[in-house]
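**Student:** Chains A and B, in that order, are what the protein sequence lines are. Going by this note's numbering, the first residue of the first sequence is number 1, and it counts up by one from there. Going by this note's numbering, the first residue of the second sequence is number 271, and it counts up by one from there.
Fair warning: there could be bad hints in the mix.
[Unchecked claim] FRET-style restraints, in silico, Cβ to Cβ:
1) A/262 with B/387: 37 to 43 Å
2) B/322 with A/87: 18 to 24 Å
3) B/384 with A/87: 49 to 55 Å
4) B/322 with A/262: 39 to 45 Å
5) B/297 with A/83: 36 to 42 Å
6) A/263 with B/339: 48 to 54 Å
7) B/324 with A/176: 57 to 63 Å
FYI, nobody ran anything at the bench for these hints, they're computed from the structure. Virtual Cβ for every residue (Gly too), placed ideally from N, Cα, C.
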Amino acid sequence: METRKSTKLTLRVIALGYLAILLAVPLAIIFWRTFEHGFGPFRDSVTTPACQSAVQLSLLIVAIVVPINVVLGVVTALALARGKFPGRGVVQAVVDLPFAVSPVVVGVSLILLWGVHGWFGGLAEHGIRVIFSLPGMVLATIFVTLPFVVREVEPVLHEIGDEQEQAAATLGASRWQTFWRITLPAIRWGLVYGVVLTVARALGEFGALTVVAGGVPGKSQTLTLLVSSRYVDDRNTFGAYSAATVLMSLALLTLLLMTFVNRRRESNAR
Amino acid sequence: MITVSNVTKFYGEFKALDDVSLVIPDGSLTALLGPSGSGKTSLLRVIAGLEDPDAGTVVISGQDVTAVRPQGRNIGFVFQHYAAFKHMTVRDNVAFGLTIRKKPKAHIDARVDELLGIVGLAGYHNRFPNQLSGGQRQRMALARALAVDPKVLLLDEPFGALDAKVRDELRAWLRRLHDEVHVTTVLVTHDQEEAMDVAGHIVVMNGGRIEQVGTPREVYENPRTEFVFRFLGPVATLRGRLVRPHDLVLSRHPGPDSVAGKVDRVLHLGFEVRVEIRTLEGETVTAQVTRGEAWHLGVQPGDEVHITAETNPRRPVPGAVDPIAAI
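Make the full structure from the sequences, and use the hints.
**Tutor:** See the structure below:
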């Protein structure tokens, strides 16, 4: 009994220590460095035009990417869960590709495709700039966040099965009515969870954006790029800490939302 | 009336329905009875439009609905696992078909009240399906299917997921409901007792084909094939002939046409006694006798008994005469 108690204690210390050293301490240091000299310097640092526009750009990308991923993600999940088409296995693998491919590679491939010398490079001559502007950043973010909605919604679709949908059909509901009234409410918590993960990942995306965004302050610089640029290029460590704190706060907000959603989901899955 | 003509259905290589034709009269309660894989559920789903047949036609009330999707067939369908809309209250579940048809709210409320009364769930309006027992959920599903005044009510193993006691109650309840509502009802079951208990007509299916159609008594007493004979009840073999165990009479003394044997085992099963006998010809025969008969006979393992079939043992030949009527 005594040994089991001590084993338990040791395991707890190891687990908590591991979390503390790897996660909590580095994040806490950033917070501490940010507010070391009070709130004033932090406020000055994050209200600069560059920082303001970076926050706006990050949120704008999220606002564009999330609806696109929701629609395409749900359609893909429905096709994978309900459809019986040849090449389903290939689609399954493709959906997971962004998990496997490094974001930097995504950025490079986008340049190969959309860059001036790329396949669709001709568009630039017609005034449609993709690389080093918003469309390219959105494309890169969609690529890296694509699996989340699909991977959260598809298992829910499998779990609920298609009997409720068939029952709705026998009761006179069209496919569209069945989707809105039966399928969507059934997958809603999975969908919300997928959206939260998408938001978190979209805010934090860095690798692909360093390649396709250009990082021009006030124009194509997201929060992550701002943190990096302040730290690496400007040697403005305090500015980097402040911007990182803003980024972390947004992430923390989504994390809290995630916990809340998870609770709702569990209480719904009785 | 439902008329199914020459319906064939494949699932990949598997032929689930093989040129099936069937007429289900208006207002009847018909059971599709068969083992799993016999095609009974496929036939029901083809009637509902949930499966498209590869060949053949389905006509409901004079309208060819073969190419009509389920939502246009005006049917009610009840699933084995209820298919309750989990995120809706009982009221919204039952009201679903009427809401889709954009009926006025007052009409919907009145109809829901009426149906919940019929299925014995009055006052359960605001419950969610997960707050109901299995039997209650299935009754809610029935109310939901009946709400739209379907021309036919199709039930796919509706009591299969319920425990024995609730199943018996719901069977009796369904019979009464059918007496009141009179909607043409088709029920799928693999349980021959359930089919005989509930249905007025039984369609016995095997291997994607219909073996026999008739009233419960017809198919039990006058089975047209060996499959029907074996599927509808216990079977014993006496001198190579099929006979029901309860049609075997045991005696201490030889009689005309009796078969002699030695008792292997005597099993007391409460309301009946099963006697396992090895005949001198080497067959094993199980006879089913009442407790009283067993007591009078007083048989013990090792005793010699003589077996007679009470009715003429029937060979399962097409068009066999009813043995009871023939006596």
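**Student:** Looking back at the hints listed earlier, which ones does the structure fail to meet?
**Tutor:** 6, 7
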